[in-house]
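Single-letter residue listing:
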Amino acid sequence: MSESSPGPLVAIENLVKHFPASTRLFARPSYLKAVDGVTLSLDRGETVALVGESGSGKTTLGRCVLRLTEPTSGTIWFDGTDVLALGSADMRALRRRMQIVFQDPAGSLNPRMAVGTAVREPLEVHRIARGKAARDRVADLFEEVGLDPSLTSRFPHELSGGQKQRVGIARALSIEPEFLVLDEPVSALDVSVQAQVVNLLTDLQRSRNLTYLFIAHDLAVVRHVATRVAVMYLGRIVERARVVPLYDRPLHPYTASLLSAVPVPDPTVKRKRIVLAGEIPSPRNPPPGCPFHTRCPHPLKDARCTTDEPALRELQPDRWVACHYAENPMEKPAP
Amino acid sequence: MTALLRVRHLSTSFQTEAGLVRAVDDVSFDLAEGETLGLVGESGSGKTVTALSILRLIPQPPGAFGPESRIEYDGVDLLRLPSRELRKVRGAQIAMIFQEPMSSLNPVLTVGSQISEAIRAHEPVSRKEANDRAVELLDLVGIPEPGRRFRDYPHQMSGGMQQRVMIGMALSCRPKILIADEPTTALDVTIQAQILDLLLELKERFAMSVLFITHDLGVLAGVADRVAVMYGGSIVEQGPVRAVFEQPAHPYTRGLLHAVPRVDRPSDRIEGIPGSVPTATAWPSGCRFHPRCSECMKRCEVDAPPSYSAGTDHTARCWLLDQSEGQRQ
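Chains as they are written, first to last, in this note's numbering: chain G, 1 to 335; chain L, 1 to 329.
If you are wondering where the hints come from, they were derived from the structure by calculation, not from laboratory data. Just so we're clear, the structure is a prediction, and the values are computed from it rather than from any experiment. In this text, a Cβ means the ideal position worked out from N, Cα and C, and glycines have one as well. Be a bit skeptical, because a hint or two may be false.
[Said to hold, decoys possible] Computed spacing ranges between beta-carbons, pair by pair:
| id | chain 1 | residue 1 | chain 2 | residue 2 | range |
| --- | --- | --- | --- | --- | --- |
| 1 | G | R249 | L | R242 | 45 to 55 Å |
| 2 | G | E158 | L | S103 | 21 to 31 Å |
| 3 | L | A3 | G | K270 | 19 to 29 Å |
[What the hints assert, rightly or not] Using 25 Å as the maximum straight-line C-alpha spacing, the simulated DSS-like pairs for lysine-lysine come out as follows:
| id | chain 1 | residue 1 | chain 2 | residue 2 |
| --- | --- | --- | --- | --- |
| 4 | L | K298 | L | K176 |
| 5 | G | K272 | L | K88 |
| 6 | G | K270 | L | K203 |
| 7 | L | K88 | L | K128 |
| 8 | G | K272 | G | K301 |
| 9 | L | K176 | L | K203 |
[To be verified] Stretches of chain L that chain G covers, calculated by requiring three or more beta carbons in the stretch to come under 8 Å of a beta carbon on chain G:
| id | stretch |
| --- | --- |
| 10 | 114 to 127 |
| 11 | 183 to 193 |
| 12 | 239 to 247 |
| 13 | 268 to 281 |
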């Protein structure tokens, strides 16, 4: 493992990703602002969750951090290295230290390749091990993720969804990365199996001191895995905080609405939901001012929200909110 | 309350390359007037096949119903009704909405014309009259500017709006029963909240009975009066929603309730159920939950348990509930 510098393992500064969105040949170019100025850092060994509805830009941000999608502008530091300044050879070397696990384990495994081979492949590509050494390592990895090593010769379709996701995790871990982007890693799994995989990820993080960027739409899962949470809306972070204060007392009206909308598996709890009007606007044509003002239920909402975009401000230590009225947050609906 | 729909010993099998596969096995339940029955289960548990069987939307072959199977609606067995008669029930008396509205809507017709067509398929009204009612229905399900959106094509609408259209279409003939198969699973949580509110409101307004199929115990807790838990093609527990959540009688139900993370309370660790969800091509012997059950006994590996009482209107299929002498091991 390389020398590590002090400070965060990953620091994202003012990251922007705009996709061209012109539909007509001679029209003025327009852009879909998928990620629009995001600043976020991850300390070693912590899990930062990125939450938001579809279209919020959370997956694009995750892909940008690994340069699977090339950002439009901004800076990404990985252990003191400016990731976006690296040439392709240096980038390949750095990729050994950062990996991704996808939502759909079936879609990310080659259906014609035995799952053991899929886990061994990165070892050979990165010239870490080959032959018997590589096979032994694959068997160890299988055990570490809770799979019987006899399954190495199986093909993806012969495994259950949970087993496939374990293979995806073993493959990502094979080259001993320090940082994993987990893009909805348990969303496709059944509830009874989801908990097993969540616990596996937590255990691996402790034993290997891994740093996770956990992308998810399920706020209940996030509460159980995250150290810190960043809530995204239309390509921007609207609130960023440690997990306990964020869930106990959300300061942004979007966070409050999102949390109140999550159903609770208890028929005696009749929660008052903040039901948001309308739907998330198109990132092609985001509203002026505060991007959330078109749906905002905050009683203090006024003309200023429709013209001035609120900056992400640090209200308390490690507690950032982009709302003009963050000092007067909406009351949490009584349970 | 009287049962509007009575499902008895429903078994649905499919002829596949792997042989005969029994996806639904001896399922019985009642749906009372005005109640919402939540059918909950994980993938492959048989909940969707159960719903499709009620409306006989299972192609035969490869599908087939067991000889004991009966689905009684209004005193008539739908499984033995001639197709012509069945068509008068489908849509008009029992309507269904699905998880993916986009795959149920015709992409090349406007949403308004599709609703209008559904009305005219069941009622002898003029096109003009049907169109007017379609606009009213779009308004009813909360689509803004219904007169204008009538002429929209499905792709011009968001997922939430498409699901509203599906609900409008399902309600076009004022059905007595609405079968909702994972109607909010593909939606974001804020939109899910809107659609659930809409469904509850319309259910009250039209005094419908609802069979609500979901994998989400949170959604279930919010909508259901009674709950039926499916596992391995059978209903393993059935009862009033509070009883099932507060005193779950089947080890699978208990495991499921422990496995679901909660947004309203912190915890360091959630406990999953070991093993994998079984598939119909290889059901385990005996009780189908036995390979994953922490309380498994010898007999569970061999014999499938019958249904035992676990309280008022509350049953579970588990040998642990067997009170007969000398049976507990």
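Hint check, failures only: 1, 4, 5, 10
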